Amino acid sequence: MTGGSLFYSPRKVCQIIIACSMLHNLALRRQVPFMQEDGPDDGVVAAVEPVDSDEEEAEEEDNDNRESVIQQYVQ
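Be aware that the sequence shown starts at 307, since it is given in the numbering used here, and climbs by one per residue.
Hints should not be assumed to be uniformly reliable.
What follows is a set of in silico ranges between Cβ atoms, one per label pair, in the way DEER data are often shown [claimed, not checked]:
#, residue 1, residue 2, range
1, S374, R336, 26 to 34 Å
2, K318, E362, 24 to 32 Å
3, R335, S315, 29 to 37 Å
4, D370, S315, 17 to 25 Å
5, R336, F313, 27 to 35 Å
6, N331, A364, 29 to 37 Å
7, P316, E363, 35 to 43 Å
8, Q377, V319, 12 to 20 Å
9, E367, R317, 19 to 27 Å
10, Y314, E367, 27 to 35 Å
11, F313, E362, 39 to 47 Å
Simulated from the structure, these hints should not be mistaken for laboratory data. Just so we're clear, the structure is a prediction, and the values are computed from it rather than from any experiment. Built from N, CA and C at the ideal position, the CB exists for glycine as well.
With the hints as constraints, model all of the structure from the sequences given.
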(Lines of atoms letter the chains of each structure in order from A and count residues from 1; the text may use other names and numbers.)
(Lines give C-alpha, C1' and ligand atoms only; values in the text may rest on other atoms or scores of the structure.)
Protein backbone atom coordinates (compact mmCIF):
# COMPACT_ATOMS: atom_id res chain seq x y z
CA MET A 1 0.00 0.00 0.00
CA THR A 2 1.16 3.50 -0.76
CA GLY A 3 -0.58 5.12 2.19
CA GLY A 4 -2.33 7.54 -0.17
CA SER A 5 0.88 8.80 -1.76
CA LEU A 6 1.23 9.44 -5.49
CA PHE A 7 4.38 7.98 -6.98
CA TYR A 8 4.47 10.18 -10.08
CA SER A 9 6.75 12.93 -11.29
CA PRO A 10 5.72 16.48 -10.32
CA ARG A 11 4.80 17.16 -13.97
CA LYS A 12 2.49 14.11 -14.07
CA VAL A 13 0.90 15.09 -10.74
CA CYS A 14 0.12 18.54 -12.19
CA GLN A 15 -1.55 16.88 -15.18
CA ILE A 16 -3.63 14.68 -12.85
CA ILE A 17 -4.72 17.70 -10.78
CA ILE A 18 -5.65 19.68 -13.90
CA ALA A 19 -7.67 16.73 -15.26
CA CYS A 20 -9.50 16.34 -11.93
CA SER A 21 -10.26 20.07 -11.85
CA MET A 22 -11.63 19.98 -15.38
CA LEU A 23 -13.83 16.97 -14.56
CA HIS A 24 -15.04 18.71 -11.40
CA ASN A 25 -16.00 21.85 -13.34
CA LEU A 26 -17.73 19.75 -16.01
CA ALA A 27 -19.73 17.95 -13.30
CA LEU A 28 -20.80 21.30 -11.85
CA ARG A 29 -21.88 22.66 -15.25
CA ARG A 30 -23.86 19.50 -16.05
CA GLN A 31 -25.34 19.41 -12.55
CA VAL A 32 -24.08 15.91 -11.72
CA PRO A 33 -25.20 15.16 -8.14
CA PHE A 34 -22.59 14.42 -5.50
CA MET A 35 -22.42 10.72 -4.64
CA GLN A 36 -22.23 9.82 -0.94
CA GLU A 37 -20.04 6.92 0.17
CA ASP A 38 -22.28 4.26 1.73
CA GLY A 39 -19.71 1.65 2.60
CA PRO A 40 -16.64 -0.18 1.37
CA ASP A 41 -15.82 0.04 -2.33
CA ASP A 42 -17.14 -3.10 -4.01
CA GLY A 43 -16.17 -2.00 -7.52
CA VAL A 44 -19.78 -1.32 -8.52
CA VAL A 45 -20.51 2.11 -9.96
CA ALA A 46 -24.01 3.47 -9.37
CA ALA A 47 -25.90 5.21 -12.16
CA VAL A 48 -26.39 8.94 -11.60
CA GLU A 49 -29.60 10.66 -12.63
CA PRO A 50 -29.49 14.30 -13.81
CA VAL A 51 -30.73 16.90 -11.34
CA ASP A 52 -34.10 18.52 -12.08
CA SER A 53 -34.11 22.32 -12.06
CA ASP A 54 -36.76 22.17 -9.30
CA GLU A 55 -34.24 20.63 -6.93
CA GLU A 56 -32.10 23.73 -6.42
CA GLU A 57 -31.75 23.18 -2.68
CA ALA A 58 -30.51 19.61 -3.16
CA GLU A 59 -28.16 20.81 -5.90
CA GLU A 60 -26.74 23.48 -3.59
CA GLU A 61 -26.17 20.85 -0.89
CA ASP A 62 -24.44 18.59 -3.44
CA ASN A 63 -22.17 21.44 -4.50
CA ASP A 64 -21.37 22.23 -0.85
CA ASN A 65 -20.50 18.57 -0.23
CA ARG A 66 -18.32 18.48 -3.34
CA GLU A 67 -16.50 21.66 -2.29
CA SER A 68 -15.98 20.23 1.21
CA VAL A 69 -14.33 17.11 -0.22
CA ILE A 70 -12.11 19.24 -2.46
CA GLN A 71 -11.04 21.43 0.47
CA GLN A 72 -10.10 18.32 2.50
CA TYR A 73 -7.63 17.18 -0.14
CA VAL A 74 -6.37 20.50 -1.53
CA GLN A 75 -5.17 21.99 1.75
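So the hint says 24 to 32 Å: do the beta-carbon atoms of K318 and E362 match that? violated, 38 Å
Is 27 to 35 Å a correct range for the gap between the Cβ atoms of R336 and F313? holds, 32 Å
Can you let me know if the beta-carbon spacing of Y314 and E367 is within 27 to 35 Å? holds, 33 Å
Does the Cβ pair N331, A364 satisfy 29 to 37 Å? violated, 20 Å
Between R335 and S315, is the Cβ distance one that fits in 29 to 37 Å? holds, 30 Å
A range of 35 to 43 Å was offered for this pair. Does it hold for the Cβ distance of P316 and E363? holds, 41 Å
Status of the given 17 to 25 Å range, CB of S315 versus CB of D370: The hinted range 17 to 25 Å is violated for D370 and S315, with Cβ atoms some 34 Å apart.
Confirm or reject the claim that E367 and R317 have a C-beta distance inside 19 to 27 Å. This hint is violated: roughly 36 Å between Cβ atoms.
Evaluate the given range 39 to 47 Å for the C-beta pair formed by F313 and E362. About 42 Å separates the Cβ atoms of F313 and E362, which means 39 to 47 Å holds.
Between S374 and R336, does the C-beta distance stay in 26 to 34 Å? About 20 Å separates the Cβ atoms of S374 and R336, which means 26 to 34 Å is violated.
Against the range 12 to 20 Å, how does the distance between the Cβ atoms of Q377 and V319 compare: consistent or not? holds, 19 Å
Taken one by one, the earlier hints fail for this structure at numbers 1, 2, 4, 6, 9, listed in ascending order.
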